[in-house]
Each structure stands twice: as C-alpha cells, then as structure tokens.
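S.K.: Put together the whole structure using the sequences plus the hints.
In the order they appear, the protein sequences are chains A and B. For the first sequence, the numbering used here gives the first residue as 1, with consecutive numbering after it. For the second sequence, the numbering used here gives the first residue as 1, with consecutive numbering after it.
Hints are not guaranteed to be accurate.
Unchecked claim - Quick list of the computed label-pair ranges, beta carbon to beta carbon: (1) 193(B) / 255(A): 56 to 66 Å; (2) 255(A) / 76(B): 25 to 35 Å; (3) 227(A) / 69(B): 39 to 49 Å; (4) 70(B) / 208(A): 30 to 40 Å; (5) 35(A) / 85(B): 22 to 32 Å; (6) 45(A) / 318(B): 20 to 30 Å; (7) 58(A) / 115(B): 51 to 61 Å; (8) 46(B) / 80(A): 18 to 28 Å; (9) 58(A) / 85(B): 23 to 33 Å; (10) 46(B) / 179(A): 51 to 61 Å; (11) 69(B) / 255(A): 49 to 59 Å.
As the list claims (entries may be wrong) - List time: in silico EDC-like cross-link candidates among lysine to aspartate or glutamate, alpha-carbon distance up to 16 Å: (12) 191(A) / 123(A); (13) 350(A) / 86(A); (14) 231(A) / 79(A); (15) 323(A) / 83(A); (16) 323(A) / 347(A); (17) 144(B) / 37(A); (18) 317(A) / 192(A); (19) 38(B) / 51(B); (20) 323(A) / 58(A); (21) 144(B) / 58(A); (22) 144(B) / 118(A); (23) 144(B) / 192(A).
Just so you know, the hints here were simulated from the structure itself, not pulled from any lab data. Yeah, the Cβ is synthetic: ideal placement off N, Cα and C, and Gly gets one too.
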Amino acid sequence: MSETLASETSAGGVLPGAPGEALQVEVRGEGELQTQDMNLNVGPQHPATHGVLRVVIDVDGERIVGAQPVVGYMHRAFEKLAEHRDYRQIIALVNRHDWLSAFCNEVGVALAVEQMMELEVPERAQWIRTMMCEWNRIMNHLMFVSSFGLELGAITPMFYAFREREDIQHLMESATGGRLHFTYTRVGGLKDDLPLGFLKASEELVPVVRRRNQEYRDLLLGNEIFRARTKGIGALEPEVALDYGVSGPSLHATGVAEDSRVTEPYLKYDEVDVAVPVARNGDSYDRFQVLLDRIDASCDIIEQCLANLPPGPISAKVPKQIKAPEGAIYVRTENPLGQGGYYLISDGGKQPYRMRMRTPSFNNVQMIPHLLQGELLSDMVAIMGSVYFVVGDVDR
Amino acid sequence: MESIFTFDSLLFTVLVKVLVIVAFFFVAALVVGYLEHKVMGHMQDRTGPMEAGLGPVKHGVGQLVADGAKFLQKEDIIPRSADPWVFALAPGVALVPTLTILVVIPFGPGVWAENLDLGLFFALAASGVTVIGVLMAGWASANKFSLMGAIRDAAQLIAYELPLVLAGAAVALQAGTLSLVGIVERQNELLLFGAVPVWYGIPQFVGLGLFFVAAMAELNRPPFDMPIADSEIIAGHMTEYTGLRFAFFLLSEYAGMVVLSALATVLFLGGWYPWPGAELPDGPLGAVIGTVVTLAKIIILTLLMTWARATFPRLREDQLQTMAWTILIPLALAQIVVIAIVIVVLP
Numbered sequence: 001m002s003e004t005l006a007s008e009t010s011a012g013g014v015l016p017g018a019p020g021e022a023l024q025v026e027v028r029g030e031g032e033l034q035t036q037d038m039n040l041n042v043g044p045q046h047p048a049t050h051g052v053l054r055v056v057i058d059v060d061g062e063r064i065v066g067a068q069p070v071v072g073y074m075h076r077a078f079e080k081l082a083e084h085r086d087y088r089q090i091i092a093l094v095n096r097h098d099w100l101s102a103f104c105n106e107v108g109v110a111l112a113v114e115q116m117m118e119l120e121v122p123e124r125a126q127w128i129r130t131m132m133c134e135w136n137r138i139m140n141h142l143m144f145v146s147s148f149g150l151e152l153g154a155i156t157p158m159f160y161a162f163r164e165r166e167d168i169q170h171l172m173e174s175a176t177g178g179r180l181h182f183t184y185t186r187v188g189g190l191k192d193d194l195p196l197g198f199l200k201a202s203e204e205l206v207p208v209v210r211r212r213n214q215e216y217r218d219l220l221l222g223n224e225i226f227r228a229r230t231k232g233i234g235a236l237e238p239e240v241a242l243d244y245g246v247s248g249p250s251l252h253a254t255g256v257a258e259d260s261r262v263t264e265p266y267l268k269y270d271e272v273d274v275a276v277p278v279a280r281n282g283d284s285y286d287r288f289q290v291l292l293d294r295i296d297a298s299c300d301i302i303e304q305c306l307a308n309l310p311p312g313p314i315s316a317k318v319p320k321q322i323k324a325p326e327g328a329i330y331v332r333t334e335n336p337l338g339q340g341g342y343y344l345i346s347d348g349g350k351q352p353y354r355m356r357m358r359t360p361s362f363n364n365v366q367m368i369p370h371l372l373q374g375e376l377l378s379d380m381v382a383i384m385g386s387v388y389f390v391v392g393d394v395d396r
Numbered sequence: 001m002e003s004i005f006t007f008d009s010l011l012f013t014v015l016v017k018v019l020v021i022v023a024f025f026f027v028a029a030l031v032v033g034y035l036e037h038k039v040m041g042h043m044q045d046r047t048g049p050m051e052a053g054l055g056p057v058k059h060g061v062g063q064l065v066a067d068g069a070k071f072l073q074k075e076d077i078i079p080r081s082a083d084p085w086v087f088a089l090a091p092g093v094a095l096v097p098t099l100t101i102l103v104v105i106p107f108g109p110g111v112w113a114e115n116l117d118l119g120l121f122f123a124l125a126a127s128g129v130t131v132i133g134v135l136m137a138g139w140a141s142a143n144k145f146s147l148m149g150a151i152r153d154a155a156q157l158i159a160y161e162l163p164l165v166l167a168g169a170a171v172a173l174q175a176g177t178l179s180l181v182g183i184v185e186r187q188n189e190l191l192l193f194g195a196v197p198v199w200y201g202i203p204q205f206v207g208l209g210l211f212f213v214a215a216m217a218e219l220n221r222p223p224f225d226m227p228i229a230d231s232e233i234i235a236g237h238m239t240e241y242t243g244l245r246f247a248f249f250l251l252s253e254y255a256g257m258v259v260l261s262a263l264a265t266v267l268f269l270g271g272w273y274p275w276p277g278a279e280l281p282d283g284p285l286g287a288v289i290g291t292v293v294t295l296a297k298i299i300i301l302t303l304l305m306t307w308a309r310a311t312f313p314r315l316r317e318d319q320l321q322t323m324a325w326t327i328l329i330p331l332a333l334a335q336i337v338v339i340a341i342v343i344v345v346l347p
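M.R.: Quick look at the structure:
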C-alpha cells in the first residue's frame, strides 16, 4: 500500500496527506458526484446461505455489481475418506455430504459397485429403492419450498413444510431406522425388508402430500407479492445453464428436460412413467414452480412403485468381504438437486482406489455470479434461495 | 406551595399520569407480543409458547416476561468500532416517541392523560421521530448491514409518513378539529345521508386502508419489514445490539403496534363507542365500558397485523417505494380533495 502511494505515479510524486504537505484532492470525471462501491461479505455466517457458503458481493447502493462465491468452508474430504473405507462404510459416508438427499446418494454408490461386480439385484430391492428415492426427493424439495418462502419473508410455509417432512421422515424411519442418514442400501440389495404397515402408511401419505402441495401453490405461487418478487428475477438462459453444468430443477426451469431417470434410466425408472416438469423462463418463479411440480411427479412414481412392488428377496448373494474388480466406472443418478455422478476406480481391493463425486450443488453455485450481476440486494435471496444447493454438497 | 401529596395537586396528577402511561406502555406491549406469539403459532399449525406461565396458568402467558428477564441478564456489548454514545442512546430515542404518543390518546370518556387541541398533529409528529433512533443505531453500529437497514428505514419513513399524515388530515378536515377527543365525539354524531349513523371508517374507507397500510410500513411490520429483513441484512439496525438495548427496539415495535392501532381506532373506528351513534352512561361506568371497547378494537387491529405477518412474503424496497409514491400518495391526495368538496357542498 505505502509503496503505491510513494511511487512516482501518485500525483506530482508527493505523498498525499503526508505531514507538512497540503492534502491533494484529485477531481475525477466531470466533477459530478462519485459513488464508491461497497464490498459486502455475505456469509459464511448468513441466514440466506443455508450453511457456510460465503458470497463476496460489491454493491452500489442496493445494486449488486459483482459477486463471487467462496466455497470450501465445509470441506470434509469425503472423497479422500472413501479411499480408506470399505464399500459398506462408504454407503454410510455418502449419506452425509448432501444431508437432504441421503438415500439418493447411497443408491448411486451401491449402483456403481454392483455394476462393477456385475451383481444382479433382486426386483423387490430395486422397486423399494426407487420408491425410497422418490420419498427422499419429496423430503428434499419440501425443505427448499420452506426455506425459499422464509427467505422472501413468508414464515408460514416453513412450518407447513416441516409438518409434511415430519410425516415422511417418520415413514422412512420405520423402514430404515434413520431420520436423516438412512444407510438403508447395501451392495446387492437392502438392509432389511419393509416393515409391516409401511405400504399402507405410504399409500395414505401420498394423497396428503399432494393435497398439501396444492396449499403451497395457493399460499406462495398465487401471492401477488411472491410473484412480484420472483418473476423475471435471476433468469437463466438454457445455453448458459448447460455451460455451467447446471442440472436438476434449476436446469428444468430453463426448459431443458435433461433428467437421467428418463435419458439413462437406472433402478426401475424405465418401467414407470417419469414426468419431468419444465418451465420456460428460468427465473426464480419458474425454478420454484418446477420444484412443486416435481413433488407431484414423485407422488405419481411412488404410487406406481406401490402398485408394482413384487414379493421376493431383498438382497443378492454377496461375498462377506465385498471387493470390486479392477477397473473404473462412472454412474450417474438424478439426485433431488440435479445430476449426481460417482466415478469409482478400483484396484481389486476392498477399498476403492479413488472415488470422485460429481455433485449438483457445486455446479449450481457456480452460476451465482452470473445471476447476481446487476440485481438488487433483496433479489440476492430470491436467487440464492432458488438455485437449490446444499453447502455440504458443494464442498464435500 | 402545594404538597404533592394533596390529591388534586398538579404534580401529583402528573406523577400518576406518567406512572399509568408507562405501566400501560409495558403491559400493552407484553399483551400484544404474547397474542402475536400464540395467534401466529396457531395459524402456522403449532402451539406457540406453552411452558412459561404464572403459577398454575400455563400456555406461555409468562413467555415475554421470561424473555425480558433473559434480556436483562445478557451482556451489554458495544462493538469496539461503534460510536459508543450514539450507539447507547439510539434504543431510547426509538422508544420514547411511542411512549409520548400515548399521552394524547383517549381510551374512554375522560380516560386520557391530556386533551391537546393539536392532539392528532402531536401524535403524527412524534411517530416520525422514531426513525432518528433507527438511523442513529444503524450509523453508530459501524456495520454495513446495519447502515443499509437504517437507510432503508429512513427511505421508508419518508415514503409512508405522507399517506399516514394525509389520511389523518382528511379525518381532521371532516371532524373540524385536531383534538383526538373532539374527533371521537364528532365522529359519533356523524349521520350518513342524514339518517344512518356511521364512523369515519365508512365514508373514508380509502383513508382507513391507507392509514393501516402506512402504519404497518412505518412500524416495519411484514410485509414491509425490509429495514430489518433478516434473510437479507440480518436484522438491519438491530444487528449489533444485545440484551436490554435490543429489547428496547423490540418493545418499541410492539408498543408501536398498539399506539398506531389506537390512533386508527380513534380516527376511523369510533374510539370508545361500541357502535355508531351509541350513548355511554356518565361517570366511571361509562369510562370503564369505553376503555374496554377501545382496547378490544386495538387488539383486533393488532391481530390483523399479525395475520398479515403470517401470510405475506416481504416486498422489495423499490417495489414498496413505487407503491407509496404512485398509488398511496395520489390516493390520499384525491381523498382529501373529495372530502373537502363534500364538506363544502353538504352543510
């Protein structure tokens, strides 16, 4: 700093404001009022960042002129840890980076190992996995429905959405024993069969979730203030979204219906009708609408799973010590927030040689600078609340 | 010189009035705060506070007292780079105007501290002072989020003080007096079409709406809570405050709800009269009935504010300004013109 000031480039070579010198004032431009941008640290501890994401923004009054997300505050080295765990332990591990999509994550890892081992997973296990993935998806989406409302200042959706989440958590707990980290999947199948009464409870819960979903539409989408706050805010173009690798609801809102449940089906997604709701404008409103539509679509899939669930074993015969054969594989799944990918390299041992995760949140966060450019500070929360990311999923 | 212990001495009367007003100020804020906790809780499919109580009465009736006790115990932190004097004074500056408005509000026949000839003018003028406390807090906190909140609050006040004052002015025009007591009494004599007794809220329904919306905006109540928008700028000017000073800001919000609801009651909803054209018995009985009626009307209005908070998302600052300058202020001006013409045309 002092070097710059003392250098020949400063006006006349005189240190401005130095003792004994008159203060030199440089008049820039035409002499009109100059404003200075303010640098504002949003986060790592800020209510709008859902955790410890930090966004450094430059604001001119209320207008954002530049934004930069700073990731890494929640880096927990899951990929490195996975190199020192066997496959059963890894399933418990991947539950945790995106804590809102725990079941979908564990299915992805199990699929990768099973495909390397060329295991035939029983039908019943696959159907149950499909159904559980969808229940998890609804739980995840409800969380974002609630938090988006909260960020726009509507506190009530928070309590409503947690009511449904509690019901679904209760249901999943009855089968898996976990409320957040289920660890229900095993390589080759599932931990246990479904408990008695699960199917009936499941069947009864689907219409409830559908009905309540309509309430969110009325409460938020139908609200004048909500529309004014979200329509045309943070509009994302499909080309830009694809360039950034954005996936999931944020991508569908731009009109691109890329969903690996449809384009590259896994589990039983090729035997059920998967509706991929899309919208056109890619703004906050559309992203939120797609999220609500996806809850309905997931309800449809759960009903089809319940109708098609066959009897039978829930696990294939697997050796006591699971070892993936030498080689590499990349499996992609449609996680609630977007495209999840698992790149697994095995040297034939009981632990992976390397496991790399492609997580949707990381890519979704990357478009924040693009979306925030030129928007108002209040729109920041409308945008960040609707690109849907989990900080643990960003940093892993 | 008179002894102040003489029952009707000036000093004694003033002392009693001040004590009653301060007591009412705190109790009203507690009651409204508690009601908001419970009512909003039930609107959101939960119970609200249930445990804290006074003796056998539970249902969280003691929750706000307990909160107050907690605030008392908190460390009073003044940030190192803050301007300590301004920082320390700000909550008081925000609180006192609300307290002083109570002086002129009539709660029943004879139940008021002071019947100023300029009562309405005094109340509206004092309500605008609160923003100075907010600006002081935002500036002195040396926090960018606080400063932003304070500036938003100042901008909001400028935009909303106008419709508030204009709506009040229309009432004064129709009543022909600025005294709040006078307004209540003249209001009860109003006959629509020479036959139907109504309150000013009926012919001036536009003014009532404007006044209520502007009051919510002035109090930073949702959906107009941009100055303290917790998901954007943490808590605006309150971000750096702890303990009792923070409690003062909360108190001024709840007491502000009571005071502005009371003003709306007096101006538009007939004050202490239970129905238009009603007669209250003379003496203490009438005073008690009138006070109960006024308090009931105030509570209904504060519950409306709570309902709005549980329902609406927050507006954006520029949307709010657009609404104020392009809709509310022209409406308020138009209403004044209409009222003036009607008053001149109809004797």
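S.K.: Taking 51 to 61 Å as the hint, is the beta-carbon distance of residue 46(B) and residue 179(A) inside that range?
M.R.: 19 Å, violated
S.K.: For the pair supplied as a hint, residue 38(B) and residue 51(B), confirm whether the alpha-carbon distance does not exceed 16 Å.
M.R.: 12 Å, holds
S.K.: So does residue 69(B) sit 49 to 59 Å from residue 255(A), Cβ to Cβ?
M.R.: For residue 255(A) against residue 69(B), whose Cβ atoms are near 56 Å apart, the range 49 to 59 Å holds.
S.K.: Compare the distance between the alpha carbons of residue 323(A) and residue 347(A) with 16 Å, and conclude whether the hinted pair is satisfied.
M.R.: At roughly 9 Å apart (the allowed maximum being 16 Å), residue 347(A) and residue 323(A) satisfy the hint.
S.K.: Please work out if residue 323(A) and residue 83(A) have their alpha carbons no farther apart than 16 Å.
M.R.: Holds, at about 13 Å.
S.K.: Mind checking the alpha carbons of residue 231(A) and residue 79(A) for me, to see if they're no more than 16 Å apart?
M.R.: 39 Å, violated
S.K.: Sort out whether residue 58(A) lies within 16 Å of residue 323(A), counting only the CA atoms.
M.R.: 51 Å, violated
S.K.: Can you tell me whether the CB distance of residue 193(B) to residue 255(A) sits inside 56 to 66 Å?
M.R.: Holds, since residue 193(B) and residue 255(A) (Cβ atoms, about 59 Å apart) stay within the stated range.
S.K.: Confirm or reject the claim that residue 58(A) and residue 115(B) have a C-beta distance inside 51 to 61 Å.
M.R.: 55 Å, holds
S.K.: Given the hinted pair residue 191(A) and residue 123(A), is their alpha-carbon gap at most 16 Å?
M.R.: 15 Å, holds
S.K.: For the pair supplied as a hint, residue 350(A) and residue 86(A), is the alpha-carbon distance within the 16 Å limit?
M.R.: Judged against 16 Å, a Cα distance of about 6 Å means the pair holds.
S.K.: Below or equal to 16 Å on CA atoms is what counts here, so check residue 144(B) against residue 58(A).
M.R.: 12 Å, holds
In terms of the numbered hints stated before, the structure departs from hints 2, 8, 10, 14, 20, 22, 23, listed from lowest to highest.
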